[in-house]
Amino acid sequence: MTERESFIDYLSRRGISRRGFLGFCAVTASALALPMGAARTMAANLAAAQRPCVIWLSFQECTGCTESLTRAAEPTIESLILDQLSLDYHHTLQAASGEAAELARQNAIDDNFGSYVLIVDGAVPTGEQATWSTIAGQTNLDMLKETLDGAALVIAVGTCATFGGVPAAAAIAAERPNQSGAKGVGDLMSASEVPERPLVNVPGCPPVPGAMTGVIAHFLAFGTPPELDDLRRPVAYFADTVHQRCPRLMHFRNERFALAFDDEGARNGYCLAKLGCKGPKAHNACATLKWNLGTSFPMLSGHGCLGCAEPGFWDRTLAPEGDRFLGSAFYPDAPPAA
Amino acid sequence: MNTVVVDPVTRIEGHLRIEAQTENGIITAASSTGTMVRGIENMMIGRDPRDAWAIAQRICGVCTLVHGIASVRAVESALDYPIPPNAELIRNLMIGAQFVHDHVMHFYHLHALDWVDVVSALDADPAATADLQQGLSAWPNNSSAYFADVQQRLAGFVGSGQLGIFANGYWGHPEYRLPPELNLLAFAHYLEALQWQREAARLHALLGGKNPHPNFVVGGAPCVLDGNAGRTAMDRNGRRLMAQIITGMQTFVDQVYVPDTLAIARYYKDWSARGEGVGNFMAYGEFPDALGGADDTAGLFIPRGAILNRDLSSVLPVDLDDPEQVSEDVSHAWYDYSAGNAQGLHPYDGETRPNYTGPTPPYAHIDPQQAYSWLKSPRWQGLPMEVGPLARVVMLYATGHQDTRDLVDASLADLELPLSALFSTLGRVAARTLETKLIADRMSDWQAQLEANISAGDLATHNADLFYPQSWPASARGAGYMEAPRGALAHWVVIGDGRIANYQCVVPSTWNAGPRDAAGQEGPYEAALRGHPLHDPAQPIEILRTIHSFDPCLACAVHVADPDGGGMIQIATTTGAAL
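As given, the protein sequences belong to chains A and B, one line each in that order.
Count along the first sequence starting at 1, add 4, and that's the number in our numbering.
Count along the second sequence starting at 1, add 310, and that's the number in our numbering.
Chain B on its own, in the form it takes in the complex:
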């Protein structure tokens, strides 16, 4: 038996380590370790709940926005605080833009180099690459001269001897299977996507003042509509710009991202039978109806639900307040529970006391029999669940969403793959691409609704009625959910006397990247890697493919509350006296 270690796993957000046991070149067991912790939830205690979004949002700057949204929704849920329809639409537009921006960057900048051999692009024939592009879509950068320029730029770079970010890649690995022309095309789009994303991010700047880390506010959206020309962003020009940005997003998704995904997938069809994981899927749902608001879960575009063992005929209801449903286990994490680590805790009652018991750095290996991660192990009714694009697409498909069914069926037919191919590394990559199209298309609807409201004279973006602490009950609690690009996210907040008494986040990459639980059940990353053949353990590109297919976000995944002991509620009590 051999152990293959990948640390740092790069081209992700945050700090992740994978250790894989192999026998005869096949992975028999894997361990996923989050190696960094900050303690953000603990910083929340005692603060004004209106401040929480700004701190929570700093959990992650890649899926920027997601923790800000989950936080304001949690506080609004606790305070029973309705927000104006325009604010809901602004949030939908910003969340939609985040999905599109994030998924495209993940594909080209974080994941592509697992499938695309950049050095091989030097052998491409630019004219044949142009033919290839013209056959894929109407994207205008499709001439032989264009691809010759890109190739010359790459040749100059490689020829300089300074390979920079491409140094020590697994170039030439036999698992790279694309023809040189497709490698060149993908590299050209790697560069174009960098340029494109700067335009896409402007939508957040218009509505939230900046990106990364746009602004939010409890009770609405801090964005004035149809304001003074030149002194406010969403003036007439800003509204026109937003329409252009949305069109630009849709065009890139339709003409570049979707056709590239399918073109590349064709060469890696064996990856449609590998990398599934746990086979259980969960989504909290996203994109509320503007009038119904976030409480109206029946009105969500992406539905809420859980699916077990691939059974698409049964979508189970998910309730964030039910103490029997969501729990977090710490049996293999560097934390202790006061009542022992055998039992998981619901986030309202969650406690998180760090207790690093790992090897002393510098170290060579972790011990998967002991605690081995800064990530907890979230469970739904005791089961590990995969969250993220595949879970959402499966949920949409299972609930009969027609656009999803059409898109998924057509893509699978194009690749000549069965529906079961979804449950794989390749299926996860494809699901991310397809949901990007579904969401990008939807953005036009929200924009049209917002414009219609503005035309009708409805400029309200904030509900000031419950904004000030004087109007709050003495105690309240609530859960704020959202679908982050990487999956189901929720924050649980307990408010007492105008301050935060407890704050817990259970985030997508914790669901997916968490360690084993007390029952020995593996997390989705760990389960997904089992059975992978490694062509060359010294160049474990297969591990990167499957792990990257989840789009890890480790800064999000790790959280901690209380270094000095006691449960969260107890802490709130003891420190409440000290305030």
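Just chain A, same shape as in the assembly:
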């Protein structure tokens, strides 16, 4: 490896304009609701930084979180991987496979011990089921332990890595609440099964891309995570419910509800609560940041919110009280009355 250069040297050699760079900082500062002047501080700090090393580990996952990240508008995945980060290990994107890939991870750990960012997607199977997911012959739990050790910050992305997600959903046929003992990173830290390190949770199935890049940008600029709530979620994206920011809210207040997915009420933009929308219980930024370059989000197209960023959203938390499987978690059990 050649001598590393500072971020600003790198950018200027790359011919990136100072104005474009400030624009990125302004957009990010605004999305994170940072105080006035933060964009300038951010720009100054970022300019002095090297591209920080990021190691991304994927466990019991579906790769939806990575796919979501590639949909991010600002910063884009191209600028993240080429200009802002050194993404040294990421199964879906990296060129190297097999031993060469594992060597890249080991080098990244050794060269950046104590300073790299670890991003995790997917849950980790534990106990007797630790063999339910291995990479290079190693259990996910061992790989996580080994890689957590030198991490300055851990970002758990997606509901699986944050709260266990789908892998931890109840399997009633097996009479087991969690077949593979799947756990999120925070639970593993609390249980002392892995080393404790500063952790940010960005839930969602998958997370809104801007929520992931916002946390990364904040760390790049300030070396710290943004303000977090008691579930270690960034307040900027998870303080409000989707319902509070829904453009159909006015109709909810006026008790105007869609009663079928394609009725006149649905087309008029009436509230979807009577078709099962979980918006009032769902903390996420879908209604504010929207999805796919601001194109839409579920309620705008016509389906209620599934509450996919909430802990246990497949099971009892958001389902009717009592038997977690009595009735649908997402739809009414009988045709709604006007």
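A couple of the hints might just be wrong.
[As the list claims (entries may be wrong)] Taking CB as the label site, the calculated pair distances span:
1. B:G710 to A:R260: 51 to 59 Å
2. B:Q554 to A:A37: 29 to 37 Å
3. B:N547 to A:E268: 16 to 24 Å
4. A:E268 to B:A652: 53 to 61 Å
5. A:K149 to B:H483: 53 to 61 Å
No lab work stands behind these hints: they were computed from the structure.
In this text, a Cβ means the ideal position worked out from N, Cα and C, and glycines have one as well.
Fit chain B to the given chain A structure using the hints.
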């Protein structure tokens, strides 16, 4: 004899391990191992069948949508539940968009680095690269200055000493054969495709609210048409945007993806005689007629059928309900069947009891004589079948689809290759590209039909008549099929008393990546690797080329139902009492 291990196989979805035995530098046998399992089917039991799509869809976020579609179709099949023509068109548009998005990203972001030496692009002459581009297509990013910029960006990146995702690639490997200019062109398109795919994914956001993991609903599509401007996505502006997105997809496919594939293929023609696999192909079919619906398999754009031993003169009928056709074998998988592992089971009667008997981690090798994968081995009439783009293109070709024949024949003529070249690693890559064009072109038709319906005042997107459990029979079962980008996919659902009693998924990468069966027949990945020469076993790029040509999706491929024993139907019975 030596063993070459590739674990993790990267640039795929999920967790895959390949072990290959070599003699004198030639692969004599290979084993494909899926190394991760979650148990998603088992989570279905006892739930409301209307919820299944949302959970099933989380099987995979790359081919997002495919399990959601298969699931709603399975429940609709079980309940004999027709959906409005507009909903069928919306699903076709979303499935079409998924194909185009997924195949382009596979080519540039998951597969290209097996053929394209990124570092060599630093030696390219930008002016010659511009000439090359201008000779390939009318794509507007074709100036010397443009390629000089891309090259400067790459040089800056490489010069920083932090190679990130490109670290430890096999750069400079003698098996990389493209001239520097084509490497630079392909790298430029790697970056452009990242930008392009964000636009392409917007179609799912319009019709399904978000991507990845757009929304579906049993009985139709959760999307209002021609709704309140500003408060619904598919208002006048949304409809205009959809037309633009489709045009943008078609343009990129015609001007970038297709010409790049052919330009690169020209340098790797020896790969048209390597990597075939089992020589048996199967498709369930896709893109129903809007009026006929999914039950009308005669109306499918991509036909259903099976072809054995490359015999294009005979397309055999496929029936998902026939207990003699589809089965899953677990003789080499980490599961046990209650009646012993010698016999496969049809998915309606499927059972899946995990029993990890592999080596204790950390381990160096699996034992292919024992169970060695979390994937089962699906078989059709006892035979391993390849599914995916090559199977579909072969099916279209064999059934005489004229556009397919024209496109395939012209491409082969352009490369000066015979029809048999299709049955190879290169043929699989080309088939994926060509079917992308066929599907992208078709999207305009579905969009025009949808617009015509809207203009005629037909705004129905959901059939509420059978949506609520009160209207369902006490027991029902059905199979929901689809063509996922990676191949034939089906979900089998059994419904009892308004709950799911049984749920099984048999998915494309299980067909392709599964292990040997009780008869010792290899799966398609394993068969495809046999005979590959490895230039340097320490840098087994040849293995990556053929495995990536299948576009592995391992999170999809692995499934499990019942950790504590008993068949699926028995489980439903015992837990039914506990509900």
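Quick rundown of the hints versus the structure:
{"no.": "1", "hint": "B:G710 to A:R260: 51 to 59 Å", "verdict": "holds (54 Å)"}
{"no.": "2", "hint": "B:Q554 to A:A37: 29 to 37 Å", "verdict": "holds (32 Å)"}
{"no.": "3", "hint": "B:N547 to A:E268: 16 to 24 Å", "verdict": "holds (20 Å)"}
{"no.": "4", "hint": "A:E268 to B:A652: 53 to 61 Å", "verdict": "holds (59 Å)"}
{"no.": "5", "hint": "A:K149 to B:H483: 53 to 61 Å", "verdict": "violated (34 Å)"}
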